[in-house]
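S.K.: As given, the protein sequences belong to chains A and B, one line each in that order.
First residue of the first sequence? That's 2 in my numbering, and the numbers climb one at a time after it.
First residue of the second sequence? That's 2 in my numbering, and the numbers climb one at a time after it.
Because the hints were derived from the structure by calculation, they are not lab data.
Glycine is no exception: its CB is placed at the ideal position from the N, C-alpha and C atoms.
Careful, some of the hints might be misleading.
Listed next, the stretches of chain A that the computed footprint assigns to chain B, with coverage defined by at least 3 CB atoms under 8 Å from CB atoms of chain B [stated by the list, open to error]:
#: 1; stretch: 29-38
#: 2; stretch: 54-63
#: 3; stretch: 67-79
#: 4; stretch: 190-201
Below, simulated SDA-like cross-link-like pairs (lysine to any residue); rule was C-alpha separation at most 20 Å, straight line [stated by the list, open to error]:
#: 5; chain 1: B; residue 1: 120; chain 2: A; residue 2: 177
#: 6; chain 1: B; residue 1: 120; chain 2: B; residue 2: 55
#: 7; chain 1: A; residue 1: 120; chain 2: A; residue 2: 73
#: 8; chain 1: A; residue 1: 120; chain 2: B; residue 2: 174
#: 9; chain 1: A; residue 1: 120; chain 2: B; residue 2: 31
#: 10; chain 1: B; residue 1: 120; chain 2: A; residue 2: 31
#: 11; chain 1: B; residue 1: 122; chain 2: A; residue 2: 175
#: 12; chain 1: B; residue 1: 122; chain 2: A; residue 2: 178
#: 13; chain 1: A; residue 1: 122; chain 2: A; residue 2: 55
#: 14; chain 1: A; residue 1: 120; chain 2: B; residue 2: 183
#: 15; chain 1: B; residue 1: 122; chain 2: B; residue 2: 136
#: 16; chain 1: B; residue 1: 147; chain 2: B; residue 2: 205
#: 17; chain 1: A; residue 1: 122; chain 2: A; residue 2: 53
#: 18; chain 1: A; residue 1: 120; chain 2: B; residue 2: 122
#: 19; chain 1: A; residue 1: 120; chain 2: B; residue 2: 34
#: 20; chain 1: A; residue 1: 122; chain 2: B; residue 2: 178
#: 21; chain 1: A; residue 1: 120; chain 2: A; residue 2: 61
#: 22; chain 1: B; residue 1: 120; chain 2: A; residue 2: 179
#: 23; chain 1: A; residue 1: 122; chain 2: B; residue 2: 173
#: 24; chain 1: A; residue 1: 122; chain 2: A; residue 2: 57
#: 25; chain 1: A; residue 1: 120; chain 2: B; residue 2: 32
#: 26; chain 1: A; residue 1: 122; chain 2: A; residue 2: 178
Number of protein chains: 2
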Amino acid sequence: MATATGKRAYHHGNLPAALVDAALELIGENGVQGFSVAGAARRTGVSISAPYRHFADRDELLAACAVAACEELQRRFAAAVAAAGSPGEQLASGSAAYVRFAAERRSMFEALFGAGLDKAKYPQLQEAVAAVIETVLGPARALAPKGDEEAAAVLLEAMTGLAQGHATLLLDGRYGEDQPGVDLACERVAAATRALVRGRSLLFSPPAAG
Amino acid sequence: MATATGKRAYHHGNLPAALVDAALELIGENGVQGFSVAGAARRTGVSISAPYRHFADRDELLAACAVAACEELQRRFAAAVAAAGSPGEQLASGSAAYVRFAAERRSMFEALFGAGLDKAKYPQLQEAVAAVIETVLGPARALAPKGDEEAAAVLLEAMTGLAQGHATLLLDGRYGEDQPGVDLACERVAAATRALVRGRSLLFSPPAAG
DNA sequence: GTCTATATCCCGATAGAC
DNA sequence: GTCTATCGGGATATAGAC
Numbered sequence: 002m003a004t005a006t007g008k009r010a011y012h013h014g015n016l017p018a019a020l021v022d023a024a025l026e027l028i029g030e031n032g033v034q035g036f037s038v039a040g041a042a043r044r045t046g047v048s049i050s051a052p053y054r055h056f057a058d059r060d061e062l063l064a065a066c067a068v069a070a071c072e073e074l075q076r077r078f079a080a081a082v083a084a085a086g087s088p089g090e091q092l093a094s095g096s097a098a099y100v101r102f103a104a105e106r107r108s109m110f111e112a113l114f115g116a117g118l119d120k121a122k123y124p125q126l127q128e129a130v131a132a133v134i135e136t137v138l139g140p141a142r143a144l145a146p147k148g149d150e151e152a153a154a155v156l157l158e159a160m161t162g163l164a165q166g167h168a169t170l171l172l173d174g175r176y177g178e179d180q181p182g183v184d185l186a187c188e189r190v191a192a193a194t195r196a197l198v199r200g201r202s203l204l205f206s207p208p209a210a211g
Numbered sequence: 002m003a004t005a006t007g008k009r010a011y012h013h014g015n016l017p018a019a020l021v022d023a024a025l026e027l028i029g030e031n032g033v034q035g036f037s038v039a040g041a042a043r044r045t046g047v048s049i050s051a052p053y054r055h056f057a058d059r060d061e062l063l064a065a066c067a068v069a070a071c072e073e074l075q076r077r078f079a080a081a082v083a084a085a086g087s088p089g090e091q092l093a094s095g096s097a098a099y100v101r102f103a104a105e106r107r108s109m110f111e112a113l114f115g116a117g118l119d120k121a122k123y124p125q126l127q128e129a130v131a132a133v134i135e136t137v138l139g140p141a142r143a144l145a146p147k148g149d150e151e152a153a154a155v156l157l158e159a160m161t162g163l164a165q166g167h168a169t170l171l172l173d174g175r176y177g178e179d180q181p182g183v184d185l186a187c188e189r190v191a192a193a194t195r196a197l198v199r200g201r202s203l204l205f206s207p208p209a210a211g
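Kindly generate the complete structure, drawing on both the sequences and the hints.
M.R.: Listed below in C-alpha cells is the structure:
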C-alpha cells in the first residue's frame, strides 16, 4: 500500500507513479490549490523539469491522480457490494464506502472532484470513471423495474448524488474532524440510501410527495 | 442585480463590494484556483494594494464572497419554500433551487465549497451558513416525528447531501453543459427528495432495506 | 531520461507618499 | 483610502548538455 500503483521501483524506474504519489501527498497536505508540478518533483527527488518528460503539463499529472483515485474507489465499491446481501443493502454499503473513501483518501477525492479537470480531455480518465459506475450498476438494476435500464441509471444517480453530497459535507467539517464524525456520516448516508431505495418508485415517475 | 450587494457606488464609495463582485467574476471564469487579489484589484480598476485596506488577506476576500453566496442561496431557498404547498414539496423544491443556484451562480457555489476555507475562522460566514440552514429547517421539522429536533436535522442533512451531490455532479458535467442538463438535474433531485421523504422513517431508526 | 540553467510571468504582502 | 514602488518568493515550461 501507500503507493498509488503498488509497484515499487522509483528513482530511475517508475517516475510517473512516484510523481502521482507525491502529488497526492501534496494535495492531501495543501489541497489541490497548493499542489504544483515543481513541488511533486521536489518531493520525488528529481529535478523540476523531469516530470515534463512524462506529463505534458500540470493538468495531465492531475488527471493521472484522478485515474488512481478511480481505481481505488472501484476497489472499495466492489468490496462493499460483495459484502452486502440484498441489492438495497449493497447500495447502502456502497454509498457508505464512498463516504469513507472520501475521508480516508481525501487527496484522491479532491483530485477527482476538486481539480476542475475537463474530463473530456482525458479519455483514460473517462474510462476509469465509467468502470467505477459499472461496478455499482448491478444492484441498481436489481432494484429498478425489470429491464428498465434508464430507471437503474436514475436510481444510481440519486445514490451517487447522495453519497457525493455527504462526502462533501463531511470534508467541509460538518460532522466534525475526527473519526466519530466519519463513522456517523457513513451511517447517515447508508440510512438515507435505504430511505431512497424504499421510496424509489417516486424516482421512476413524477407525482407528488407527503 | 449583477452585483453581490445591490448597491451601486463603486470607485470611491463601495470598494469592498466591488472587489467581491470582481472576485466572483474571476472565480466564474477561472475557478477558485485562478482567482487572485491582484486580479480582483485590476478588474475593479484600483491598485494592487488597495484591497488590503479592506481585507486582511486573500482568504478574507474569499470569505466575503462566500457570505454573499449564502445570502443569495438563502433568498432562493426562501422563495422555493414559499412557493410550494406541502412540507415534502417544500423540501423537493428547495433541493431543486439549490441545484439551480449552483448552475446559475456557479462562482458563488465554488466560493462556498471549492475554496477550502476554514470556516471556523470567519464568524460572519458561520452565521450566514446557519441562517441558510434555518430557512429550510421548517419543512424538515414538519416531516419529522413531532418535537424530535434531531430527526428533523437528520432529514435536512439527507436532503442537503442529496442536493449538494447533484449540484456537484451537474457542475462536473455529468448532465451535459447546457440548459436542458440543468433542468434535468433539478427534476431528478426533486424526485429523489420525494423518494427520500417517502422512505424517511428509515432515517429515524436503523433497520434493513429491500 | 534526467539534470542544469534560464526565460518569463504572476502573486502576496508591505512601506511610505499623498 | 488610494497610489507607486518594491521585496521576496514560487510557478510553468523550454533549451541544451550528458
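S.K.: Are the hints correct? Go through all of them and say.
M.R.: Now for the hints, and whether the structure bears them out:
Judged by the Cβ-Cβ criterion of 8 Å, the stretch 29-38 of chain A is covered by chain B as claimed, because 3 of its residues qualify and three suffice. Figure legend: the stretch 54-63 of chain A, annotated as covered by chain B; annotation inconsistent (0 residues with Cβ-Cβ distances under 8 Å, at least 3 required). Counting residues of the stretch 67-79 of chain A whose beta-carbon sits less than 8 Å from any beta-carbon of chain B gives 0, not enough to reach three: the coverage restraint is violated. Here's how the stretch 190-201 of chain A fares: 11 of its residues keep a CB closer than 8 Å to some CB of chain B, so the rule of at least three is met and the hint holds.
Taking the CA atoms of residue 120(B) and residue 177(A), the gap is near 12 Å; set against the 20 Å cutoff, the hint holds. For the proposed pair residue 120(B) and residue 55(B), the alpha carbon gap of about 19 Å is at most 20 Å, so the pair holds. With a C-alpha separation of about 18 Å, the suggested pairing of residue 120(A) with residue 73(A) holds against the 20 Å cut-off. For the proposed pair residue 120(A) and residue 174(B), the alpha carbon gap of about 9 Å is at most 20 Å, so the pair holds.
Of the pairs offered as hints, the one joining residue 120(A) and residue 31(B) holds, with about 16 Å between alpha carbons and a cut-off of 20 Å not exceeded. Between the alpha carbons of residue 120(B) and residue 31(A) the distance comes to roughly 16 Å, so the proposed pair stays at or under 20 Å and holds. Taking the CA atoms of residue 122(B) and residue 175(A), the gap is about 14 Å. The hint holds against a cut of 20 Å. The straight-line distance between the Cα atoms of residue 122(B) and residue 178(A) is roughly 15 Å, inside the 20 Å bound, and the hint therefore holds.
Straight-line distance between C-alpha atoms of residue 122(A) and residue 55(A) comes to about 17 Å, which keeps the hinted pair within the 20 Å bound. Distance restraint check for residue 120(A) and residue 183(B): the Cα-Cα separation of roughly 19 Å lies within the 20 Å cut-off, and the hinted pair is therefore satisfied. Using a Cα cut-off of 20 Å, the hinted pair residue 122(B) and residue 136(B) is violated, with the two alpha carbons roughly 23 Å apart. A threshold of 20 Å between alpha carbons decides the hint, and for residue 147(B) with residue 205(B) the separation of about 12 Å falls inside it, so the pair holds.
Restraint check for residue 122(A) and residue 53(A): satisfied, since their Cα atoms lie roughly 18 Å apart, inside the 20 Å limit. For the proposed pair residue 120(A) and residue 122(B), the alpha carbon gap of about 34 Å is over 20 Å, so the pair is violated. Pair hint residue 120(A) plus residue 34(B) holds up; C-alpha atoms about 17 Å apart against a cutoff of 20 Å. A distance of roughly 15 Å separates the Cα atoms of residue 122(A) and residue 178(B); the hinted pair therefore holds under the 20 Å criterion.
With a C-alpha separation of about 10 Å, the suggested pairing of residue 120(A) with residue 61(A) holds against the 20 Å cut-off. Among the hinted pairs, residue 120(B) with residue 179(A) is consistent with the structure: their alpha-carbon atoms are about 16 Å apart, no more than 20 Å. Our distance criterion of 20 Å between C-alpha atoms is met by residue 122(A) and residue 173(B), whose separation comes to about 13 Å. Restraint check for residue 122(A) and residue 57(A): satisfied, since their Cα atoms lie roughly 13 Å apart, inside the 20 Å limit.
The suggested pairing of residue 120(A) with residue 32(B) holds, with an alpha-carbon distance near 15 Å, which does not exceed 20 Å. Under the criterion of a C-alpha separation no larger than 20 Å, the hint pairing residue 122(A) with residue 178(A) is inconsistent with the structure, at around 35 Å.
Of the numbered hints stated above, those contradicted by the structure are hints 2, 3, 15, 18, 26, listed in ascending order.
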